[in-house]
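S.K.: In case you want the letters, here they are:
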Amino acid sequence: MKNLQELQNNEAILLMYLAGELAPQDHVEVEGMLASDANLRRELASLQEMQQQTMQGLGDLDRQIRPPVSEAFATAGISRMIQQWHEQRERLKRTIVVAPRSIMPRIWLGLAAAASIAIGFLVWGVYHPAVPTTARSSPTPVIQNDDEKVLLMQNTMNIAEGLVDSDVSVAAAMPGPDDLDSSADLSNQ
Amino acid sequence: MQRELVSQITAPVPEGDEALVRRLRDGQTAAGELLVRRHCGALMRYLQRLVGSDHLAEELHQQTWASVLENLVRFDPSLGGGFKAWLYRIATNKANDHWRSRGREKTAKDGMRLITDDLVPPAGQGLENAEELSKLRAAIDLLPANQRQVVLLRYYSNLKFVQIAQILGCPLNTALGRMHKAMLRLKELMSQEARGASRAS
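Chains as they are written, first to last, in this note's numbering: chain G, 0 to 188; chain W, 376 to 576.
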């Protein structure tokens, strides 16, 4: 149902009125307008007559002129088309139903294997944090007894005294925390 | 009285188009055949009047149903006036496509000339009536395509003007305006023909 205000002119309103496609309150409003306006009534009568003639003429044409093909023939043709369409759909459905059994498990297996490998790497990574190889391989002194402690102390004192000569090789033998933090620098050595 | 009431209650209500479409989608081809039987005649007549050629109308009719089947899954009954409006939209688009691809008006007129020859007056009907109808037919063909579409859609599909406007992709006022112009033009053409005939006689 269309609002009366949306219709542009009398012809549009009257055509909708004749077709019974106005909203009930608009229909009543148009009836009121018709009751009070003789010109509008004439317009309606003319429109109604034209419409009747047109529709009647088309009806007469249908009675007089054969359809392109008989209805029975056309229906039979389209029915065959429907049957073919249905069979094709069924064939397609069967293909789609078969697919999960043969292809889908393989896809899932592949995905599961990939996921397992990824999880394995993750777990391994947690227990083996990435430590610079050079840092790990650098000769960190392991002090095992008191003699070694003494020797280490002496060495340290010697280094402190001999720093004037800047004996880098000894400093390299005792890597400090700064050295360990920068794996890049170490790897470049 | 009671029997009448019972028969009224038990009388089978014809299944709606949308329900038939659902059944067809579910694989019940009989529902599709019912749909075809329901719309085939009027649709074929619509195309026949629209394109003015029996052969072309039959071809477009088949193409229309093929499109219906092809797009049945996509059909949404809640949009745009239901199955009938959808069916006529497809048919109208098929005709428009044909015209676009073939220098249209010429084809329509050629076809019209062809089927004018098929005019067969039934027994007991005078030639005068057949002539009148032939004139009406010529007058319909002389209408601009957009006016002809509105008149024919209204007559053959019996859809509401709002739905017709949707099918044609134009505002409601435009569709109503075309209908009005078409009726005026038909009246004018018919009266011109009548004047011409009386002058000739």
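For the record, the hints were derived by calculation from the structure and aren't laboratory data. Cβ atoms here follow ideal geometry from the backbone N, Cα and C, with glycine treated the same way. One thing to keep in mind: the hints can contain errors.
Claimed, not checked - List of simulated lysine to aspartate or glutamate pairs, EDC-like, C-alpha gap at most 20 Å:
#1 W:K556 with G:E42
#2 W:K562 with G:E48
#3 W:K562 with G:E10
#4 W:K510 with G:D59
#5 W:K535 with G:E20
#6 W:K510 with G:E5
#7 W:K535 with G:E70
#8 W:K459 with W:E390
#9 W:K562 with W:E507
#10 W:K510 with G:D61
#11 W:K459 with G:D25
#12 W:K562 with G:D61
#13 G:K92 with W:D401
#14 W:K556 with G:E10
#15 G:K92 with W:E445
Stated by the list, open to error - Using C-beta positions, here's what the derived DEER-type ranges look like:
#16 W:R477 with G:Q51: 47 to 57 Å
#17 W:L559 with G:V27: 36 to 46 Å
#18 W:E393 with G:E28: 46 to 56 Å
#19 W:G544 with G:N8: 42 to 52 Å
S.K.: Taking the hints in turn, state whether each one holds.
M.R.: Here is how each hint holds up against the structure:
{"no.": "1", "hint": "W:K556 with G:E42", "in the structure": "holds, 14 Å"}
{"no.": "2", "hint": "W:K562 with G:E48", "in the structure": "holds, 10 Å"}
{"no.": "3", "hint": "W:K562 with G:E10", "in the structure": "holds, 16 Å"}
{"no.": "4", "hint": "W:K510 with G:D59", "in the structure": "holds, 12 Å"}
{"no.": "5", "hint": "W:K535 with G:E20", "in the structure": "holds, 7 Å"}
{"no.": "6", "hint": "W:K510 with G:E5", "in the structure": "violated, 36 Å"}
{"no.": "7", "hint": "W:K535 with G:E70", "in the structure": "violated, 25 Å"}
{"no.": "8", "hint": "W:K459 with W:E390", "in the structure": "holds, 14 Å"}
{"no.": "9", "hint": "W:K562 with W:E507", "in the structure": "holds, 12 Å"}
{"no.": "10", "hint": "W:K510 with G:D61", "in the structure": "holds, 14 Å"}
{"no.": "11", "hint": "W:K459 with G:D25", "in the structure": "violated, 27 Å"}
{"no.": "12", "hint": "W:K562 with G:D61", "in the structure": "holds, 19 Å"}
{"no.": "13", "hint": "G:K92 with W:D401", "in the structure": "holds, 12 Å"}
{"no.": "14", "hint": "W:K556 with G:E10", "in the structure": "holds, 10 Å"}
{"no.": "15", "hint": "G:K92 with W:E445", "in the structure": "holds, 15 Å"}
{"no.": "16", "hint": "W:R477 with G:Q51: 47 to 57 Å", "in the structure": "violated, 35 Å"}
{"no.": "17", "hint": "W:L559 with G:V27: 36 to 46 Å", "in the structure": "violated, 28 Å"}
{"no.": "18", "hint": "W:E393 with G:E28: 46 to 56 Å", "in the structure": "violated, 33 Å"}
{"no.": "19", "hint": "W:G544 with G:N8: 42 to 52 Å", "in the structure": "violated, 21 Å"}
The structure is inconsistent with the numbered hints 6, 7, 11, 16, 17, 18, 19, although it conforms to all the rest.
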